[in-house]
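Chemist: Those sequence lines, one after another, are chains A and B.
If you use our numbering, the first sequence closes out at 803, no skipped numbers anywhere.
If you use our numbering, the second sequence closes out at 803, no skipped numbers anywhere.
Hints were generated in silico from the structure; no laboratory data involved.
Here the structure is a predicted model, which is why all the values come from computation and not from measurement.
Careful, some of the hints might be misleading.
Copies of the same chain are indistinguishable here, so a pair counts whether it falls within one copy or spans any two.
For lysine-lysine, the following DSSO-like pairs were computed, each having C-alpha atoms within a straight-line distance of at most 27 Å [to be verified]:
#, residue 1, residue 2
1, K749, K761
2, K753, K681
3, K548, K431
4, K548, K760
5, K476, K437
6, K378, K681
7, K681, K760
8, K681, K749
9, K482, K437
10, K761, K515
11, K378, K476
12, K431, K476
13, K431, K761
14, K558, K431
15, K431, K378
16, K437, K378
Protein chains: 2
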Amino acid sequence: MNEIIQPRILKGFRDFLPQQETIRAGLIDTVTAVFRSFGFVPIDTPVLEYSDILLRKSDGETEKQVFRFKDNGERDVALRFDLTVPFARFVAEHREELPFPFKRYHVAKVWRGEKPQAGRYREFVQCDFDIVGSESVSSDFEILLMIKAAFEALEVPAVTVRLNHRGLFNAFLARIGIADKSEGVLRAIDKLGKIGREQTAALLTEVTGSAGTAEEILAYTAADDFTDFDATVSRLEDLAGGSPEAARGIGRLRELGRAAQDAAPGFFVLDPSITRGLDYYTGIVYETFLNDLPEIGSVCSGGRYDNLAGLYMKERLPGVGASIGLDRLVAALEKLAALPALLPGMDALIFCQDASLFAHYHRLAASLRARGMSVEVYPDPKPAGKQYQYAEKKGTRFAVLCTPEDAARGVVSVKNLANREIREHLTAEEMADIIA
Amino acid sequence: MNEIIQPRILKGFRDFLPQQETIRAGLIDTVTAVFRSFGFVPIDTPVLEYSDILLRKSDGETEKQVFRFKDNGERDVALRFDLTVPFARFVAEHREELPFPFKRYHVAKVWRGEKPQAGRYREFVQCDFDIVGSESVSSDFEILLMIKAAFEALEVPAVTVRLNHRGLFNAFLARIGIADKSEGVLRAIDKLGKIGREQTAALLTEVTGSAGTAEEILAYTAADDFTDFDATVSRLEDLAGGSPEAARGIGRLRELGRAAQDAAPGFFVLDPSITRGLDYYTGIVYETFLNDLPEIGSVCSGGRYDNLAGLYMKERLPGVGASIGLDRLVAALEKLAALPALLPGMDALIFCQDASLFAHYHRLAASLRARGMSVEVYPDPKPAGKQYQYAEKKGTRFAVLCTPEDAARGVVSVKNLANREIREHLTAEEMADIIA
Chain A
368 MNEIIQPRIL KGFRDFLPQQ ETIRAGLIDT VTAVFRSFGF VPIDTPVLEY SDILLRKSDG
428 ETEKQVFRFK DNGERDVALR FDLTVPFARF VAEHREELPF PFKRYHVAKV WRGEKPQAGR
488 YREFVQCDFD IVGSESVSSD FEILLMIKAA FEALEVPAVT VRLNHRGLFN AFLARIGIAD
548 KSEGVLRAID KLGKIGREQT AALLTEVTGS AGTAEEILAY TAADDFTDFD ATVSRLEDLA
608 GGSPEAARGI GRLRELGRAA QDAAPGFFVL DPSITRGLDY YTGIVYETFL NDLPEIGSVC
668 SGGRYDNLAG LYMKERLPGV GASIGLDRLV AALEKLAALP ALLPGMDALI FCQDASLFAH
728 YHRLAASLRA RGMSVEVYPD PKPAGKQYQY AEKKGTRFAV LCTPEDAARG VVSVKNLANR
788 EIREHLTAEE MADIIA
Chain B
368 MNEIIQPRIL KGFRDFLPQQ ETIRAGLIDT VTAVFRSFGF VPIDTPVLEY SDILLRKSDG
428 ETEKQVFRFK DNGERDVALR FDLTVPFARF VAEHREELPF PFKRYHVAKV WRGEKPQAGR
488 YREFVQCDFD IVGSESVSSD FEILLMIKAA FEALEVPAVT VRLNHRGLFN AFLARIGIAD
548 KSEGVLRAID KLGKIGREQT AALLTEVTGS AGTAEEILAY TAADDFTDFD ATVSRLEDLA
608 GGSPEAARGI GRLRELGRAA QDAAPGFFVL DPSITRGLDY YTGIVYETFL NDLPEIGSVC
668 SGGRYDNLAG LYMKERLPGV GASIGLDRLV AALEKLAALP ALLPGMDALI FCQDASLFAH
728 YHRLAASLRA RGMSVEVYPD PKPAGKQYQY AEKKGTRFAV LCTPEDAARG VVSVKNLANR
788 EIREHLTAEE MADIIA
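The shape of chain A in the complex, shown without the other chains (with noise of 0.2 Å):
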């Protein structure tokens, strides 16, 4: 009758062992706790929405990787891709209920129908942190203290924030006068690491008209050697020229670079060649590399926006904020042999040497638990040999050992899985003082 049907999972879709969800829950243990030492408080928005809330001010290529579909009762629903949107809609609708400056973190899972290819995965965890409602340097600062927070709290070795200023940028495309081709600049810059400068010259002669042009967005977008911030700053300042917009972007660049090396010289340097795409930052943007496997790409990327909720709401609200891509993130932690070591092991393992005894054993596991211990009991009786092989498994650091006459005294023996050293006849107190 039961005719067995394949186990398998969706392309670009994964399990999470339980080595690999430890790890992944230590690292979100470990930012949130940072997260909250800075104030942040989480939330919580539904994994469905309405598509039209989602895919309002997204670009086609958003909209082709959406998992979208008619729900039982006809409405017109999708996955969220990201959290940002969701973000959107939950201040513009709570907005009376949250206190502003409003500093959120949210960890959770979105999708999108990517091609899967290594790293790239059609589902993923990402954990956001923004603050909206200030416009000041003093928010932008935080974040990147924030970024920095993180990388060191979860031991990262080797790490640099590459940041660069959006609103600098738009004002030096208008002073060359392509203002009006910005989404195609911005598209094609954002393939300069992976493509590489000549076929970007290509892409942005196409776009812009004029091999000229492109070469002077490449100068701009040139990567200096990272050392001085204040000389790139300057260089910045000439090519954008003197518009409000580039003063006010030289201006913040500069409040910032001076804090941020004060704070932490060489993690942050300042990158012209990063824009972020066609996303919606209009301030100052940033990109986390690994020192090490700078080719996994960035792990944490954000920036600062004029206005998150202008489609769901009059008031405008800006605000700044970053995005550390997890499983990204893992992906680069396991092929820089630089993640947490494995499961933590079990302080004991209560032997079963007589099904009947169950009890008894439960007892035993529950008063070492009273004292703060991790302690697991054998179901079966099975032979010893199966039952050490499963304690070496859980990293187990003490056999407890029990025999009907043991109970029958009301004793124990411990056995030391590292030294294999057994004690025997002990009280349930000798016993956890020695496991302790």
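Place chain B on chain A using the hints.
Modeler: Chain B only, in chain A's frame:
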């Protein structure tokens, strides 16, 4: 250009504001710490799966409620409606990689297009924990002990776990000659709590074709006064007869009942009306009720099953588990005014008295965070009243004030926001000592 679109969410879905989400996350932290102390490990599975994987065994009721659609690759996919079916698929797919007995927990969202009503949502969080690979009474007992430990750790007042044995009930149905009608009978008995004895009797008469049989069934499921586990077992033994299945059920119930009553007198009771409807259980089953709010229904249910993953593999895999309905539990605790308190307050808010000092303010904050405190920096030079208001909303203990003159002298003032006491001219270290 930008027409405002009304921010709104789908019926049956919810946003979680910071306070609610903090509570939910705190409850999850608490139960997962309990699970880990018993040696359970976390896993995760995709939110979307092939529909034939998820729906193969489901009844029509489930199929009507599931969010199912064709993805962009024309695959027939669905959002998971529980965590058990994905777990079955997971175990079958990864059986070579898992240690058995395998004890996992999974805390995640599931979706059902149910008619939204009080305490019922279309998106909700479940906390599942199962042991697979053991048929022992020890495993049954462990799950019961974990339910107790979880509700104790959650500090949920006055809880009762009502347990029963599905195999024994099936033996009883066989003895009275209506084994072939068990589906309808189970469906009817599952409604007993909601629709009452009279209507259930009518339903059972319809299902079995006999008012006498209906009465026999209701005599079996009759709630005793729950004070005497052993007396109820004996009554069921008489009614269910002496078949091998009945004998197995009675033996298991006696063994488990003795251990459960020793471990927690009054916490576990035997209630023959608990059958868990059409679920796949074959052994003990249980539901968990809040004594002061039984009408909200079970907040933690589960049982023993013969074969978890029979649809996906040939090996038989028995197991036992339970699932905490976290969102229903939160709703119940809210009603009972037994929810944990507000957001944890912040230790300090560094006031913004001069915007140009932002980097200095962030340094002060960092020095406090380095000593383990949670600290915010107010980003804008708003009037003091506004900043005090913000501090109050975030439950902040101390305000740190620093004018340009203070900064030049390397000092700050600290105001205790509870008693309004101000201390001036403090060094950074003195500030930290006061706030710590």
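Chemist: Under the constraints set out in the numbered hints, which ones does this structure not fulfil?
Modeler: 4, 13
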